[in-house]
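Undergrad: Spelled out from the first residue to the last, the chains are:
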Amino acid sequence: MMRVAFLVPGGASGPVISLDEPLSFWGGFDPETGRVIDRRHPQLGRSLTGAILFMPTGRGSSSSSNVVAEAIRLHTAPAAVLMSGADSIIALGAMVAEELYGLTMPVATIGDDEAEVLCGWSNARLEPDGIISAI
Amino acid sequence: MQLTEDDRAQLAGDRGGGVAMAMRLVVRLAEAQGASRLIDITSAHIDSCLFHGLAGLDFAERLVEFGAKISVPATLNVTSLDLLHPDLYRGDPETARLARRLTDAYVAMGATPTWTCAPYQSTVRPGFGEHVAWAESNAIVFANSVLGARTNRYGDFIDICAAITGRVPATGLHLDEPRLATIVFDTSRLDKSNWLYPVLGHLIGKLARERVPAIVGLPPASEDDLKALGAAAASSGAAALFHVVGQTPEAPDLETATGGLAVEVVTIDPEALQAARRELSTTTTSAIDGVALGTPHASAAELRRIAELIGDSPLRLPIYVNTGREALITSGVEEALTAAGVIVVTDTCTYLTPIMDPRLKTVMTDSAKWAYYAPGNLGLEVVFGSMEECVRSALAGEAQFE
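Keeping their order, the protein sequence lines are chains A and B. Using my numbering, read the first sequence as starting at 3 and increasing by one per residue. Using my numbering, read the second sequence as starting at 156 and increasing by one per residue.
One chain only, chain A, in its complex shape (with noise of 0.2 Å):
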């Protein structure tokens, strides 16, 4: 059973993907598409949209908050973002899209041996009280 700590608490489910390199959502996501834009990412075009997503760190601009709020606004974005390290950018896009749309992305940190287990998976759901399992 391993646990994660929610910055943004709620429950999703979905495909794991696990980014190589870190990834500013602005300029490098396309809230529109729901794919990675930046040319020099090696996940460039993977679709990012419905997944419980990992990145180890957030990465660059402050205007990620706001792309991030868009793609949920759009049902484009991840189902869940889990890091490693607190990212408060990500999780104040999803803040905020909960206070105006009701919508809620679930962000949490989680740690590095869960964060490996993690991305050995293919599909993960993640429950409200914060425990992650494999589907």
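Do not rely on the hints blindly, as some may be mistaken.
Unchecked claim - With the C-beta cut set under 7 Å, the calculated list includes, among others, these residues of chain A facing chain B:
| hint | residue |
| --- | --- |
| 1 | A71 |
| 2 | S86 |
| 3 | G87 |
Derived from the structure by calculation, the hints contain no laboratory data. Quick reminder that beta carbons are idealized off the backbone N, C-alpha and C, glycines included.
Dock chain B against the given chain A, drawing on the hints supplied.
TA: Coordinates of chain B only, in the frame set by chain A:
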């Protein structure tokens, strides 16, 4: 978490629904960050005025509708439009209309319409040790590193919430210990050049990731050099603060910068710097179609330097330069630049919004940040060079290097 009576009054809606919504987000952020209390700020720099979609507009208009006003002085970052030169905008008119509505909302809340990503180039700027809530990654890193003011990496939404409530969580770079350097970069083997600072920033941002770098052995840097270094480091990594030993205010010596703790030392050799420079270009062609300067917004000194480098020579390729209104007026070279054919862009940035001629497929820039984002945003190829190389290339009609 400890809230003051005033914090609780704001939260309860005693000053209206807009203030309550702003305080709700400040408190949620504080809880997510594990803060035990909130602290006062003296100013804010707001990035949320840049249009990214309806979510940002819905947010700002809800705050206005519920009567929110700023409670500390707040400057505004770039918008998606050049409000002084609206004809430069080539984008969708509906997007322009929505972007304009967004700027109106922030002005309605009382923020100053500065429309610049380099608010630190103003005569009014935060002093050493002042707590501020700044957004825009290059402004954040400059405020912390060069001014010694204290701000976390605030992003869209929380910037205006902080300006409305005057409060932020007492976490991270507002405290003493997280400001200490946790990795040291020795640059004493590097020669000074016109492109050293942005390229070094790009490299250090990547290597340091979330650690606070202290740089030793750096050739004397101007504020413009430190601006380029910080902007690059904030784009390639998550840098919000760096120290240059002997040059920035919290690093009179290495021991002060690190708090006397032993930290990893990484030596940057000239080969690594060259490799980092190559990384900033997406192509090795010399067939460029134009030049983009001023990311972050050119200072008055940089505008004068560009005018000086052009002199009386005719431009073979267009040069776009972004700047802020105040820097443009201070520079005194707006007419000279315009007469030389330079396209002066204010209030926005050429990588954010459709301003550049769409026939430009390969563009040379002196900005690591522009080089990082323009390929994704604008779908074009980028060649990196110093400002001097960029201007010389625009005069020559092809990319030329020192």
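Undergrad: Could you run down the list of hints and mark each one as holding or not?
TA: How the hints compare with the structure:
no.	hint	result
1	A71	holds (4 Å)
2	S86	violated (9 Å)
3	G87	holds (6 Å)
Hint check: a violation occurs at hint 2 only; the rest are consistent with the structure.
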